[in-house]
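Visitor: If you want the building blocks of each chain, they are given just below.
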Amino acid sequence: MLRRLLYAAVAAGVLLGCDAGQGGVRSGASDTAAVGPPAHRVVSLSPSLTELIFTVGGGSRLVGRTRWDTDPPEARAVPSVGDGLEPNLELILARTPDLVVFYDTPANAAAIARLRAAGIATLSLRMDRLEDVPVAARLLGDALGVRPTADSVAEAFETVLQRRRRAVNGPGPGVLILTWDSPPIVIGGGSFLTELVALAGGHNVFADLTQPSAPVSLEAIAERNPDVVLLAGGQAPGFVDRPEWQAVPAVRARRFARVEGSAFSWPSPRSLAAVDRLAAAIAEAGR
Amino acid sequence: MRRWLLLGVGAACALALGVLLGPTALDPATIARALAGGGDPATVTIVRDLRLPRALLAFLVGGSLGVTGAALQALVRNPLADPYLLGLSGGAGLGAVLAVALRVAAPWAVPLAALAGALAAVVLVYRVALIAGGVLDARILLLGGVVVGAFAASLMGAVMAVSPAPEVRNALLWLLGSFGRASWHAVALFAAYAVVPLLVLYRLARPLDLLTLGEESAQFLGADVERVKRTLYVAASLLTAVAVSLSGIIGFVGLVVPHAARLAWGRLHRALLPAAFLLGGILMVVADALARTAFAPLELPVGVVTALIGVPVFVLLVRRWAR
Numbered sequence: 001m002l003r004r005l006l007y008a009a010v011a012a013g014v015l016l017g018c019d020a021g022q023g024g025v026r027s028g029a030s031d032t033a034a035v036g037p038p039a040h041r042v043v044s045l046s047p048s049l050t051e052l053i054f055t056v057g058g059g060s061r062l063v064g065r066t067r068w069d070t071d072p073p074e075a076r077a078v079p080s081v082g083d084g085l086e087p088n089l090e091l092i093l094a095r096t097p098d099l100v101v102f103y104d105t106p107a108n109a110a111a112i113a114r115l116r117a118a119g120i121a122t123l124s125l126r127m128d129r130l131e132d133v134p135v136a137a138r139l140l141g142d143a144l145g146v147r148p149t150a151d152s153v154a155e156a157f158e159t160v161l162q163r164r165r166r167a168v169n170g171p172g173p174g175v176l177i178l179t180w181d182s183p184p185i186v187i188g189g190g191s192f193l194t195e196l197v198a199l200a201g202g203h204n205v206f207a208d209l210t211q212p213s214a215p216v217s218l219e220a221i222a223e224r225n226p227d228v229v230l231l232a233g234g235q236a237p238g239f240v241d242r243p244e245w246q247a248v249p250a251v252r253a254r255r256f257a258r259v260e261g262s263a264f265s266w267p268s269p270r271s272l273a274a275v276d277r278l279a280a281a282i283a284e285a286g287r
Numbered sequence: 001m002r003r004w005l006l007l008g009v010g011a012a013c014a015l016a017l018g019v020l021l022g023p024t025a026l027d028p029a030t031i032a033r034a035l036a037g038g039g040d041p042a043t044v045t046i047v048r049d050l051r052l053p054r055a056l057l058a059f060l061v062g063g064s065l066g067v068t069g070a071a072l073q074a075l076v077r078n079p080l081a082d083p084y085l086l087g088l089s090g091g092a093g094l095g096a097v098l099a100v101a102l103r104v105a106a107p108w109a110v111p112l113a114a115l116a117g118a119l120a121a122v123v124l125v126y127r128v129a130l131i132a133g134g135v136l137d138a139r140i141l142l143l144g145g146v147v148v149g150a151f152a153a154s155l156m157g158a159v160m161a162v163s164p165a166p167e168v169r170n171a172l173l174w175l176l177g178s179f180g181r182a183s184w185h186a187v188a189l190f191a192a193y194a195v196v197p198l199l200v201l202y203r204l205a206r207p208l209d210l211l212t213l214g215e216e217s218a219q220f221l222g223a224d225v226e227r228v229k230r231t232l233y234v235a236a237s238l239l240t241a242v243a244v245s246l247s248g249i250i251g252f253v254g255l256v257v258p259h260a261a262r263l264a265w266g267r268l269h270r271a272l273l274p275a276a277f278l279l280g281g282i283l284m285v286v287a288d289a290l291a292r293t294a295f296a297p298l299e300l301p302v303g304v305v306t307a308l309i310g311v312p313v314f315v316l317l318v319r320r321w322a323r
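Here the protein sequences line up with chains A and B, keeping their order. Counting from 1, one number per residue, gives the positions in the first sequence under our numbering. Counting from 1, one number per residue, gives the positions in the second sequence under our numbering.
Simulated from the structure, these hints should not be mistaken for lab results. Certain hints may be false.
[Stated by the list, open to error] Derived, one-sided and incomplete: chain B residues facing chain A with beta-carbon distance under 10 Å:
1) T43
2) R51
3) V104
4) A109
5) V110
6) P164
7) A186
8) P297
Beta carbons: idealized from backbone N, C-alpha and C, even for Gly.
From just these sequences and the hints, can you work out the full model?
Guide: So, in C-alpha cells, the structure goes:
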C-alpha cells in the first residue's frame, strides 16, 4: 500500500513539477475544446492561466480558481475550488461555470470528460515555455471574448522576448537550477526557467535534459560544476550544510542565487519583466 | 569454504564496481590515482567523497537489510516478512512528510524526523503486540505492523492533501530510496550504529534456528523464547529505522536476499546471517551503480533496480535448487 503510494508520488511529483511552474512535458499551448460564444463564468484550474486571464482583461469573468492561485492579488477574491490536478468536480459544478480552463495533462482527462458530459466547455492549455504565453493569451482572448486586449498582451510579449533574445551574448556563467535537494531535482531544458536564465545571460548546466525537471545524481552536478546555484524551490531546504553537497564547488563557496515569486513559478509577462532581477541575482552570486 | 571465498570476492568486485561506475566517465587508472589523492581535484572529490562513501553505505545498508529480513522471517515464521513489515516505512514516511510540511530547514531535519517516525511506529507495534497477554505474539506482531503502517500512511496522505507547502510530495520522493545522501559522515554513523544490532542478531543465531521449528519446540529445546523474540524485534527494528532514515525505503533486498542465502547456505543462522549480509551488500552496491549510470545524468530510484535485478536472480536460484 505504501509502496504504491510512493510510486504514485513519483508520478505526482513530476506532475506537480509542472503545476508549480517547473514546466511540463509537451511544449506549445494547445487547445482541445470547440470554443463557442464567449464564456461569462470561468473556472481556472492553473495558477499560470488564472494570472494570464487577469492579464488579458478577463478577470471579472472568473468564478473559481485553485487554492494555489494567489497572483495577481485580485485572484484571492475569487472563490477557491481546491486543487488543479484531479480537481474536485462538485466544487467546480457548484460555481455553475460555462467554461473550465485546465492545465493540459493526462491527469485531468477524466475530469474533462465528466465536465463535457455535463455540457460545460473546457479548454486545456499548456504553458511550459515562454513562447506558449502569447499562444495561450490569444486562445483565452477568443474564449473569453477579449481578443483585442489579448492580442496586445501577446504582441507586447513577443516584442520584448525578441528584444531580450537579441541582447544576449555568450553562454555566460553556468547555472544549476535546483528545486529539491534529496534526491537532487533540477530544472531541465523543457522548462521556461532555462530560457529565463539564458535571457539573463547565463546557461542552465542541465539544459540538455529534455524534461522540465528531473532527479539527477549528485555526481552529475559535481561534474558539470555550475558557477552559481539558483534556488528555485519554494523553501530553502537546509541542504547547504550537508557533507555530500560540499562536493559541488558552488555549494562549498555558497554561490547561491535565490529568486522568489510567481514570475519564476510559471511563464508569464511578468517573467520577462523579472529577467533583470534574475540577471542581478546571478551576477551577485557569482562574485 | 569455496562458497565463502566466492562471496568475499563478489563483495570486493561489487565495491570496486561501485567506485568504477558513475555518471562521469572515468577510466580505472584515473580512478586509482584519484583514490590515492592525485590528479584533478574535481575527480578526487567525485571518487573519494561521492563514489567511495556511497558504495560503502550501500553495502552496509544492503547487508543490514539482508540480515534483518532473515531474522524477521524466522521471528514471524513467514516467508513474506521483510524489514519494513513492522510499520517502519509508514512511520518514517509520516515523519519525513511532517518535517517538510512544517518547513523545518535544518540540514538533518528530514532524516531525523523519519527516524523519529520509524521509532514511534516500532514502539506502537510493540505495544500492540504485547496487548495479547504480555507475550510477543508473532501473528499479532505482523498484524500490528500492517495496521500501524497503514495508519501512518493515511495520516501522511492527509498531511499531503491539506498542507499549504507544495514541496510535501518531494518528501515522498525522498523516501523512495536513494544513496544520494551518502557521505563519510553517513558511513561512519551507520557503521558505528549498526555494529551492535548486527552482533546482537548474530548472537541470536542458535535460538533463531530453534524458533523456526516453532515456539513450543524452541521453548522445549531450551530457548528463552520471549526474551529472544523481544531482543530480536528491538535489534532488527532499530537497525532498519536508521537504514530508512539514511537511505529511504529500498524494497526487495530484505525480502529476497534471505531466501537466496537460505537456498545456498541452508537454514542454520550462524551461516545464513553472514551470507545474507554479504549478498545484501553485493546486490545493493550493484543496483546502486546501475541506478546512477543507466540513464545518466538522471538517477533511478535504487529500489527499482534492486527489484529488476533481484527477481530474475531469485527465479534462477529457485530453478536451480528445485532440480
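Visitor: Run every hint past the structure and note whether it holds.
Guide: Okay, the hints, checked on the actual structure:
1. T43: For T43/B, the interface hint holds, since the closest Cβ of chain A sits about 9 Å away, which is under 10 Å.
2. R51: Interface hint status for R51/B: holds (7 Å vs cutoff 10 Å).
3. V104: 8 Å, holds
4. A109: Because about 6 Å separates A109/B from the closest Cβ in chain A, which is inside the 10 Å limit, the hint holds.
5. V110: 7 Å, holds
6. P164: 8 Å, holds
7. A186: 8 Å, holds
8. P297: Where the cut-off is 10 Å and the nearest Cβ of chain A is about 3 Å from P297/B, the hint holds.
When held up to the earlier numbered hints, the structure conflicts with none and fits them all.
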